[in-house]
Every structure is written in C-alpha cells, then in structure tokens.
Amino acid sequence: MATSPDDRVIAWFREQLAKVAEPSRDPAGVRVTDNLREDLGVDSLAFIELMVDFEEAFGLRLDEGDLLGERYCTVGDLVSHMTGYLAQACEVVED
Amino acid sequence: MSYGYCHTTQLIAETDAGGTLALLPGIFTPRTFADLVSAVEATTTTVVPSMLTLLARSRWHTYEQVSSLRTIVFGGGPVSLEVLDALRARLPKAELVQTYGQTEAGPRVTTLRWSDAGVRRGSVGRAVPGMRITIRSPNGEVVPSGQIGEIVVSGPGVMSGYFNDPAATAAVLNDGWLRTGDLGSLDDDGFLWLAGRLRNLIITAGRNVIAEEVEVHLRGIPGVADAAVFGEPDELRGERIHAVIVIRPGADLTAADVRASLATRLASHKLPRCVSFVTDLPRTANGKVDRARLGQVAAKESG
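Which chain is which? The protein sequence lines are A and B, in order.
Letter 65 of the first sequence, counting from 1, is numbered 65 in this note's numbering, and no numbers are missing.
Letter 225 of the second sequence, counting from 1, is numbered 225 in this note's numbering, and no numbers are missing.
Think of the hints as simulated: they come from the structure by calculation, not from any bench.
One or more of the hints may lead you astray.
Claimed, not checked - When the alpha-carbon atoms are kept at most 25 Å apart in a straight line, the in silico PhoX-like pairs for lysine-lysine are as follows:
| hint | chain 1 | residue 1 | chain 2 | residue 2 |
| --- | --- | --- | --- | --- |
| 1 | B | K300 | B | K288 |
| 2 | B | K270 | B | K288 |
| 3 | A | K19 | B | K300 |
| 4 | A | K19 | B | K270 |
Said to hold, decoys possible - Far from chain B, by Cβ distances over 12 Å, these chain A residues were calculated:
| hint | residue |
| --- | --- |
| 5 | V32 |
| 6 | V52 |
| 7 | G84 |
| 8 | A87 |
Each residue gets a CB set at the ideal place from its N, CA and C atoms; glycine is no exception.
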C-alpha cells in the first residue's frame with residue numbers, strides 16, 4: 001500500500017516526538033490530541049531541535065515564524081501545518 | 001537575542017577593537033545562525049553551550065557557511081568534550097575559547113583557548129587580566145592549590161552591590177571580594193577547575209533559574225503537598241530542571257497538570273522539563289530537603 005505524504009509526516013513526527021517527549025515513549029503513545037508542552041513536555045529548545053531535524057529530513061527551509069513552538073498547541077496542529085507547508089513546497093517545485 | 005551570557009564584556013570589547021556587531025534577530029537554529037555568519041562574513045561569535053551542541057549536530061554545509069569564523073567564545077554552562085571535538089574537527093581554523101564568569105563579577109573571570117588547553121581540557125582557564133581568584137574554605141580561609149572550596153574573586157569589574165538590597169550584598173561581598181557561590185579548585189599554574197555550586201542555581205540552556213523560585217510555585221498548585229527541583233545533566237541544555245513532587249492524599253495530578261499550572265506563573269525557561277511523583281522527599285538529618293539525593297529518589301520511584 002502506498003504511503004501518502006501526510007502519513008509520512010505524521011509517522012515522522014510521532015517517531016521524533018516520542019524521542020524528545022519527557023518522559024520519552026513509544027511512537028504509538030503520541031496522540032494527535034496531545035498538547036506539545038503540557039502532555040509531551042516539549043520545551044522551546046526541544047521544539048527547535050525537532051524542527052531543525054524536520055527541515056533536514058524533508059529538505060525544507062521553514063519561515064522563521066514556523067519555528068516558534070508557541071504557534072502550535074497540539075501534535076495535530078503541528079502536523080497539519082507542516083503537511084500544508086510540504087504540499088505548498090511540492091506545488092512550487094511542480095510549477 | 002534572548003540571553004545575556006558575557007555580552008557586556010564581549011560586545012563592548014569587539015566594538016572597542018573596531019569590530020562591527022551583527023545580532024541574530026530571531027530564533028537561533030544552525031541554519032539561521034549560518035545564514036547570518038555567511039551574510040556578514042562574521043569572524044567572531046559568542047554563544048552558549050546549547051547552541052554549540054545544536055551546531056555540532058548540524059550538516060556539513062552549515063560548516064561551509066560559517067567558515068569565516070576565527071573565534072568562537074562560549075560559556076555559561078558545561079559543554080561536552082565530544083561537542084567541542086566535533087566542532088574543532090569541522091572548523092579547524094576557528095579558535096574555541098571557553099570562559100567562566102558571572103554577572104556579579106563583571107562578568108568574565110577566566111578564559112581558556114582550546115588550542116592551548118592540552119592536558120587542561122575540562123578546566124575553565126586562567127584569570128583574565130585584572131581579576132584575582134582565591135579558593136576558600138567555609139570559614140573564609142584561602143585553601144592550598146588542588147583543594148576544592150568556594151571560588152571568591154576580586155577585580156575592577158566586580159559589582160558594588162545588588163540594587164537596593166544591602167543584606168544580599170553583604171552576604172556575597174566583603175572588602176571587594178565576591179563569593180561566587182561556585183565550587184572549584186586552582187592548580188599550581190593558576191588554572192581554575194569547576195566542581196559544583198553552593199547555591200541552588202540551575203543553569204539551563206544558558207539561563208539561570210533559582211530552584212526556590214520554581215518550588216514556591218510548585219507548592220502553590222492545588223494537590224501538591226511538597227516539591228523540590230534540581231538540575232539534572234542534559235546534553236543539549238547543560239542542565240534540565242527536574243521537579244520532584246509529593247501529592248496530597250486523594251489528589252489526582254499528572255505531569256501535564258503541573259506543566260499547565262506552572263505555565264501561567266513562570267517564564268517558559270523556568271518550567272521543569274521532567275516531573276516525577278514520589279511518596280516523600282529525601283531529607284537530611286536536620287530535616288532539610290536533601291537535594292543531592294533528589295535524582296536518586298526520583299529515579300527509584302519512577303521505576
């Protein structure tokens with residue numbers, strides 16, 4: 001079965017958030033409804049670390065505003081924003 | 001720029017020497033930093049350990065972008081030797097300069113050029129010109145070289161006192177000599193080696209957090225019977241804040257509740273990264289919280 005870009009983004013964030021969460025957990029234990037700060041304990045530095053890795057993994061250069069952890073409340077917020085970002089980046093490449 | 005470190009010294013010295021300052025306007029990431037360095041062809045930079053750690057993890061093209069750097073000054077917390085070795089290998093033309101100081105001291109007390117460190121890797125270097133360093137016992141006597149005691153310094157940059165706080169000033173300042181609250185030893189050649197802290201100060205990602213301030217807010221959370229925090233070693237942050245909490249009988253509290261409650265009362269860098277729940281806090285014979293055993297108790301009860 002083919003994996004959609006959205007699934008790839010969700011899987012990537014689940015895996016990485018599971019590592020930077022405090023305490024760390026199994027990727028399956030990361031829910032889209034989890035609050036990044038309160039449920040997963042992702043502080044500003046952990047968030048920057050995460051986004052630096054995201055840029056490298058997906059070959060993107062995010063706008064500075066997108067690197068602000070305060071912009072996202074839940075895992076779902078983050079995933080949907082980054083999925084949109086990727087879709088936009090792909091459109092530009094295809095154009 | 002959201003941190004202080006030794007900028008008063010560093011930036012004034014750079015401009016006095018005829019340099020041009022370029023401040024990173026937003027968030028530090030290896031990419032935003034590398035973009036700025038390459039845009040202005042920066043030759044010197046001043047960073048805290050977390051930034052060095054992020055840089056050491058970044059890709060090789062970042063290093064090509066920052067190849068104009070000749071001096072990288074850092075301090076404000078411990079840095080692993082692996083991080084420094086990785087940076088030296090990738091930026092062979094850049095001199096790494098370790099520093100030690102504190103705001104009350106002016107702030108810089110020592111420096112160490114990494115290329116000269118040799119067998120003294122792990123030391124924070126020798127006193128900068130004008131600064132004098134002594135190591136003292138609890139009763140204020142200077143101890144022999146090699147022996148650990150409180151680092152007490154004097155020099156032209158030492159503060160005249162805390163603003164409108166003569167009691168706090170008297171506690172640390174005596175005849176121009178400043179008690180730093182840090183523990184360390186001097187070797188026979190005057191190199192300073194840090195060995196811990198007397199005060200309950202946690203330095204996380206280059207920012208100072210007083211343990212008691214976080215604890216007051218933790219105890220104010222409904223359902224918390226008692227709480228203490230300590231600085232736990234962390235590769236990226238130097239230290240991370242770990243809260244150890246005793247819950248009132250019948251109360252139901254999660255780490256997420258604690259973080260949410262504290263977030264309304266404390267700046268984000270003061271929020272505990274780790275939260276552990278225990279049945280009781282470890283105490284010394286005279287009933288004080290035994291901070292040295294907090295980590296051990298938290299690890300044991302968290303399983």
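Against which earlier hints does the structure fall short, listed by number upward?
6
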